[in-house]
Amino acid sequence: MGRYTMRAYTLTDKFKSIFARRGRSIVLAYDHGIEHGPTDFLDNPDSAEPEYILKIARDAGFDGVVFQRGVAEKYYDGSVPLILKLNGKTSLYNGAPVSAPNCTVEEAVSLGASAVGFTIYAGSDYEWKQVEYLAQIKRDAVKFDMPLVVWSYPRGGKVDAKYNGNEHHPEVVAYAARIALELGADAMKIKYTGDPKTFAWAVRVAGKVPVLMSGGPKTKTDEEFLRQVEEVISVGALGVAVGRNVWQRKNAVEFGKLLGQMVYEGKKVAEILEPAVNSSP
Amino acid sequence: MGRYTMRAYTLTDKFKSIFARRGRSIVLAYDHGIEHGPTDFLDNPDSAEPEYILKIARDAGFDGVVFQRGVAEKYYDGSVPLILKLNGKTSLYNGAPVSAPNCTVEEAVSLGASAVGFTIYAGSDYEWKQVEYLAQIKRDAVKFDMPLVVWSYPRGGKVDAKYNGNEHHPEVVAYAARIALELGADAMKIKYTGDPKTFAWAVRVAGKVPVLMSGGPKTKTDEEFLRQVEEVISVGALGVAVGRNVWQRKNAVEFGKLLGQMVYEGKKVAEILEPAVNSSP
Amino acid sequence: MGRYTMRAYTLTDKFKSIFARRGRSIVLAYDHGIEHGPTDFLDNPDSAEPEYILKIARDAGFDGVVFQRGVAEKYYDGSVPLILKLNGKTSLYNGAPVSAPNCTVEEAVSLGASAVGFTIYAGSDYEWKQVEYLAQIKRDAVKFDMPLVVWSYPRGGKVDAKYNGNEHHPEVVAYAARIALELGADAMKIKYTGDPKTFAWAVRVAGKVPVLMSGGPKTKTDEEFLRQVEEVISVGALGVAVGRNVWQRKNAVEFGKLLGQMVYEGKKVAEILEPAVNSSP
Amino acid sequence: MGRYTMRAYTLTDKFKSIFARRGRSIVLAYDHGIEHGPTDFLDNPDSAEPEYILKIARDAGFDGVVFQRGVAEKYYDGSVPLILKLNGKTSLYNGAPVSAPNCTVEEAVSLGASAVGFTIYAGSDYEWKQVEYLAQIKRDAVKFDMPLVVWSYPRGGKVDAKYNGNEHHPEVVAYAARIALELGADAMKIKYTGDPKTFAWAVRVAGKVPVLMSGGPKTKTDEEFLRQVEEVISVGALGVAVGRNVWQRKNAVEFGKLLGQMVYEGKKVAEILEPAVNSSP
Amino acid sequence: MGRYTMRAYTLTDKFKSIFARRGRSIVLAYDHGIEHGPTDFLDNPDSAEPEYILKIARDAGFDGVVFQRGVAEKYYDGSVPLILKLNGKTSLYNGAPVSAPNCTVEEAVSLGASAVGFTIYAGSDYEWKQVEYLAQIKRDAVKFDMPLVVWSYPRGGKVDAKYNGNEHHPEVVAYAARIALELGADAMKIKYTGDPKTFAWAVRVAGKVPVLMSGGPKTKTDEEFLRQVEEVISVGALGVAVGRNVWQRKNAVEFGKLLGQMVYEGKKVAEILEPAVNSSP
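Residue numbers (our numbering), protein chains in the order written: chain A, 34 to 314; chain B, 34 to 314; chain C, 34 to 314; chain D, 34 to 314; chain E, 34 to 314.
For the record, the hints were derived by calculation from the structure and aren't laboratory data.
Positions of the beta carbon are idealized from the N, C-alpha and C atoms, including for glycine.
A hint or two may mislead.
Pair by pair, the computed Cβ-Cβ distance ranges are [stated by the list, open to error]:
| hint | chain 1 | residue 1 | chain 2 | residue 2 | range |
| --- | --- | --- | --- | --- | --- |
| 1 | A | Pro-250 | B | Pro-78 | 30 to 36 angstroms |
| 2 | A | Asp-76 | D | Arg-54 | 36 to 42 angstroms |
| 3 | A | Arg-54 | B | Pro-78 | 43 to 49 angstroms |
| 4 | A | Asp-76 | D | Asn-197 | 24 to 30 angstroms |
| 5 | C | Leu-306 | B | Glu-256 | 56 to 62 angstroms |
| 6 | D | Glu-287 | E | Asp-178 | 49 to 55 angstroms |
| 7 | E | Asp-178 | A | Asp-76 | 27 to 33 angstroms |
| 8 | A | Glu-139 | D | Gly-198 | 48 to 54 angstroms |
| 9 | D | Gln-294 | A | Gln-294 | 57 to 63 angstroms |
| 10 | A | Glu-84 | D | Ser-112 | 49 to 55 angstroms |
| 11 | B | Pro-78 | C | Ser-112 | 32 to 38 angstroms |
| 12 | A | Arg-54 | D | Gly-111 | 55 to 61 angstroms |
Generate coordinates for the entire structure from the input sequences, incorporating the hints supplied.
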């Protein structure tokens with residue numbers, strides 16, 4: 034109806050594969066091999082095998098799995114939608130945060146990806162360089178009609194100077210969400226602020242862009258993580274992108290199914306963990 | 034009539050959309066989500082929603098709205114002309130001022146833009162890098178016949194060393210205006226010097242390039258901001274590009290209309306704020 | 034006659050427009066808006082207007098005028114040959130000297146230029162970056178058959194360490210001249226050493242490449258500047274590229290004509306300033 | 034069988050030349066001329082001649098030889114498969130570890146290569162730059178169907194800060210292995226941890242990507258090196274890439290044949306060094 | 034005869050012009066205008082004129098002359114083969130050694146060059162940048178079938194830290210020679226170690242790539258320089274690339290002819306300087 038020309042944009046189209054079920058999504062993240070190194074696999078050595086991860090994703094019914102290009106090339110079998118993470122840095126790197134692309138969107142297409150992922154560390158002394166990278170990736174994502182999931186993790190710069198490096202600070206997380214919207218994300222992965230009220234604001238300023246909570250390190254108890262999921266879903270997050278909290282657990286498949294009940298069916302922690310009690314009269 | 038060949042350049046053509054009404058313009062700036070973060074939306078939480086901004090722009094009769102690429106892609110509906118801001122940096126960034134393009138002119142065309150915007154921080158240790166960016170954007174703007182609005186904000190370098198970082202210093206603002214002319218701006222957004230006499234000089238050295246005053250933070254009273262508008266218009270500015278001073282106000286639409294009376298109709302603050310008194314004998 | 038293949042190069046062809054009159058040239062420089070800022074226009078505020086500069090150039094018979102791309106685009110009318118300056122940096126910049134191109138040779142052609150200009154600061158920590166820029170510009174200048182005028186201004190590095198930053202030191206100026214020759218200049222603008230003997234050496238090492246003296250800041254008296262012109266012409270300079278010493282003067286046109294008598298007709302200062310006395314018996 | 038499209042990937046195809054014999058490989062590394070300088074040739078001056086190296090490779094039955102582009106261009110005769118190493122830095126370089134490509138994959142093809150090699154120093158302040166290089170090389174390797182062998186040598190950054198620069202630390206080596214997998218290596222060369230148990234973990238996290246042990250400096254005795262080979266083969270390494278431990282020895286060909294007995298035939302050190310004793314009843 | 038495909042490479046073809054006479058070569062270097070500045074011309078001011086250099090080269094029978102692009106464009110007449118030096122830095126530059134290309138191989142072809150030259154400073158903090166430059170130039174040199182002469186001058190980094198900046202240290206020179214081979218030089222120019230025994234090693238590790246001794250500053254006596262030539266030729270150098278030691282001498286042509294007798298005819302210093310004495314019984 035507008036007076037000026039513009040391109041039609043349909044969010045639904047972009048996410049038909051990874052947001053297929055009621056518009057919610059649970060993604061199994063598995064880029065830890067480059068980001069953290071193999072020490073993340075020590076708790077559950079099977080988790081070092083990408084086949085093991087693919088099996089969890091299939092059996093628990095995840096909407097997608099996140100691989101780097103090398104893992105996708107050698108292991109991806111098409112049994113679960115693939116979100117190809119286009120960049121990654123090692124934890125051995127000590128300089129100003131920056132993570133260069135190791136794969137193009139076009140290559141992601143040929144590797145069978147349904148979406149691409151990209152991390153940006155706003156605040157870093159290399160913020161400008163990362164915007165350059167992201168601009169090219171966004172351009173290609175539009176060209177190849179690939180949804181772009183932005184890992185928005187402000188780091189360095191005033192995150193250190195003003196927030197003591199606290200990447201979970203509500204202002205940092207809300208800013209992260211807005212950056213992803215402004216730069217053209219089709220979905221975003223952001224950290225949890227720790228309470229639903231402040232996270233609600235992050236979800237609001239993310240606007241139309243679906244928010245996935247970043248899982249983070251394995252919590253001490255199952256309940257602790259599930260409660261986070263309940264909280265973020267309750268304030269509008271459309272899902273979670275979770276790695277260690279699934280595949281570092283021995284009960285990975287079962288745990289993944291619990292996540293599904295919460296995210297897709299809207300169940301509460303209380304219903305899930307103590308069904309007998311809850312269903313009792 | 035010249036003896037040497039040259040390309041014809043018509044300023045009018047470039048600005049048929051955003052300078053349509055008597056050659057004056059009021060632009061609603063909305064790139065604060067990336068530049069300042071969502072804290073700018075706290076005073077008036079509705080301002081976090083781009084639809085709300087578009088409605089203000091339509092209802093108050095703004096000549097254009099300024100969006101980053103992500104916001105344009107997800108929200109722009111063609112109801113108001115779009116000035117697509119091609120770059121932006123976060124306030125979390127602490128290094129030498131620089132803001133990389135996150136969008137090309139060609140992409141701006143496909144997003145429905147009527148003009149493109151670009152910020153340059155002359156004086157920064159990255160001045161040369163920003164000139165590289167701008168050169169490419171200007172080249173594309175000519176190719177795609179898109180007006181280029183330059184946000185000219187000298188910062189860092191001798192702005193700190195010589196002017197104590199005062200970006201409103203008359204010499205800094207006049208220099209900002211001239212830089213925009215010399216580098217090929219088709220319109221410019223510069224800060225207010227604080228008094229009409231020094232701003233007049235900035236407008237003069239800007240030459241044929243239309244000057245829009247940058248709105249800046251919300252003033253304590255409506256009158257304070259309107260007086261700035263009166264002053265800059267009185268010395269030749271062709272309009273204002275204003276964000277917080279509109280959408281951080283509860284009376285955003287009414288305030289926007291007041292700006293229209295001043296910029297398009299040439300009314301004075303006294304006429305607008307106290308019409309009864311002024312019309313009394 | 035050579036035994037090996039090579040491309041024919043005719044200096045005359047390259048300079049038919051700006052060295053048309055007896056192979057000498059007086060160029061009116063006007064890139065001060067970006068290089069120094071509008072404070073250079075304060076002595077004679079009319080000098081802020083490019084139309085005023087064009088009128089001086091026409092009325093005094095200059096061989097060319099130097100504009101940045103933005104000024105050319107908005108003001109150039111073809112009435113005087115245009116030397117389009119392809120780069121420029123602001124005096125607010127405080128880092129290692131470097132000036133990035135803001136315009137390509139191809140764009141200069143479309144803006145009606147008869148020649149292109151480029152500044153290089155040899156000695157700077159960014160010397161290599163400037164050589165990269167210049168290499169591309171030279172390549173394009175050959176392709177589009179545009180004469181390339183090099184502003185050769187060694188600065189930083191050992192200019193500071195060895196010559197206390199004195200850019201007029203005879204060794205620095207001679208080096209500047211040679212750099213321009215070696216890197217492919219078709220004409221060069223270098224600073225005056227202060228005495229004709231040392232400048233003669235700079236002219237000699239410049240070889241076949243025409244040397245224009247850079248005008249510099251306005252001298253206290255007309256005679257002081259004219260004497261510099263006499264001296265450099267007497268040792269082989271083919272002209273001057275002068276800005277402030279013309280348009281900061283109220284008698285700009287008359288002064289420009291005096292320059293013409295010296296450069297084109299070979300008159301001496303004594304003949305020009307006191308013709309009655311000189312012609313007396 | 035997958036539900037999603039993807040490119041077929043067959044490891045066997047990629048390695049038909051250099052992993053031809055029972056899927057095991059012994060590669061003769063010879064990029065020391067650039068990496069260490071000619072001092073590596075002093076023990077056995079003949080080793081300065083690439084023809085001498087090619088002869089050893091042929092006579093001892095190596096699966097491939099590693100050359101830089103210049104050596105390949107001047108000496109490679111096609112008598113042994115060539116792994117063209119695409120980058121290299123000198124040991125005179127003192128900055129943050131980084132090694133730029135001096136050859137493209139396409140050029141490697143024209144030089145007769147059967148595979149290409151590339152070193153990446155994760156952890157370095159230039160990690161991002163090396164990922165940029167590698168991304169381009171991987172892209173070309175896929176395009177030209179060339180196997181990519183990654184020399185994965187974490188260095189600098191937290192390798193210094195956390196591991197005192199110990200590049201053989203089990204965690205560093207395991208991380209190195211995983212980085213190669215994640216970034217798209219088709220085979221990798223990593224350092225030995227010093228014991229088979231920790232090396233087994235590195236081999237495991239390398240997944241499907243064949244692991245070659247990096248030979249390192251010449252050991253004091255033949256047995257010392259052979260024991261390393263026995264250990265890494267026993268835990269799943271598919272071979273070794275060895276230079277100094279072969280061509281710095283006078284008995285290079287014989288030593289190379291011993292390696293073959295261990296790697297291809299699975300013999301133990303005890304069987305090889307004391308065959309009489311072992312075969313005695 | 035090889036089992037694997039490869040490109041044929043014939044050294045003879047590459048050097049038919051500049052190594053025409055018995056495979057030996059004497060090259061007249063003349064890039065001092067940019068590398069050292071015009072002070073190098075003060076001893077013999079005629080040496081500032083490229084025509085004077087060309088005349089020496091012709092009259093003394095040099096195999097080639099080394100010019101930068103600007104000098105070639107304005108002066109090269111095809112009377113002597115041209116080695117176009119593609120990069121150069123000024124001695125005013127004080128940063129980490131690096132010299133950017135100011136000309137492409139393709140442009141060198143159009144300027145009539147028979148070969149191209151390139152300097153690389155291994156060890157510098159910008160070593161990687163120079164490898165990037167060289168890689169592109171080598172690629173183009175192959176494409177345009179142009180011989181590539183590498184000026185291999187390790188500088189900075191551990192040349193300072195380990196060798197006190199002594200660029201003539203035998204280990205540094207041998208490393209320089211090997212770097213040139215490894216990176217694809219078709220001929221190299223390296224510094225003299227000061228004694229034939231250590232230079233012999235440098236020549237050996239240079240392998241098939243012809244070695245030219247770099248002339249360096251003018252020696253106190255003719256004999257001193259000629260003795261260096263005798264020594265390097267005696268251990269396998271194929272010639273010299275000499276500038277100041279020729280054109281800073283008044284007897285440049287005669288001196289050049291003496292070099293010819295030594296390099297092409299294998300005469301000794303004793304034969305040349307005191308023929309009467311030597312021929313006496």
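Going through the hints against the structure:
| no. | hint | result |
| --- | --- | --- |
| 1 | A/Pro-250 to B/Pro-78: 30 to 36 angstroms | holds, 32 angstroms |
| 2 | A/Asp-76 to D/Arg-54: 36 to 42 angstroms | holds, 38 angstroms |
| 3 | A/Arg-54 to B/Pro-78: 43 to 49 angstroms | violated, 31 angstroms |
| 4 | A/Asp-76 to D/Asn-197: 24 to 30 angstroms | holds, 26 angstroms |
| 5 | C/Leu-306 to B/Glu-256: 56 to 62 angstroms | holds, 60 angstroms |
| 6 | D/Glu-287 to E/Asp-178: 49 to 55 angstroms | violated, 43 angstroms |
| 7 | E/Asp-178 to A/Asp-76: 27 to 33 angstroms | violated, 60 angstroms |
| 8 | A/Glu-139 to D/Gly-198: 48 to 54 angstroms | violated, 39 angstroms |
| 9 | D/Gln-294 to A/Gln-294: 57 to 63 angstroms | holds, 58 angstroms |
| 10 | A/Glu-84 to D/Ser-112: 49 to 55 angstroms | violated, 40 angstroms |
| 11 | B/Pro-78 to C/Ser-112: 32 to 38 angstroms | violated, 58 angstroms |
| 12 | A/Arg-54 to D/Gly-111: 55 to 61 angstroms | holds, 57 angstroms |
Consistency note: the structure conflicts with the earlier hints numbered 3, 6, 7, 8, 10, 11.
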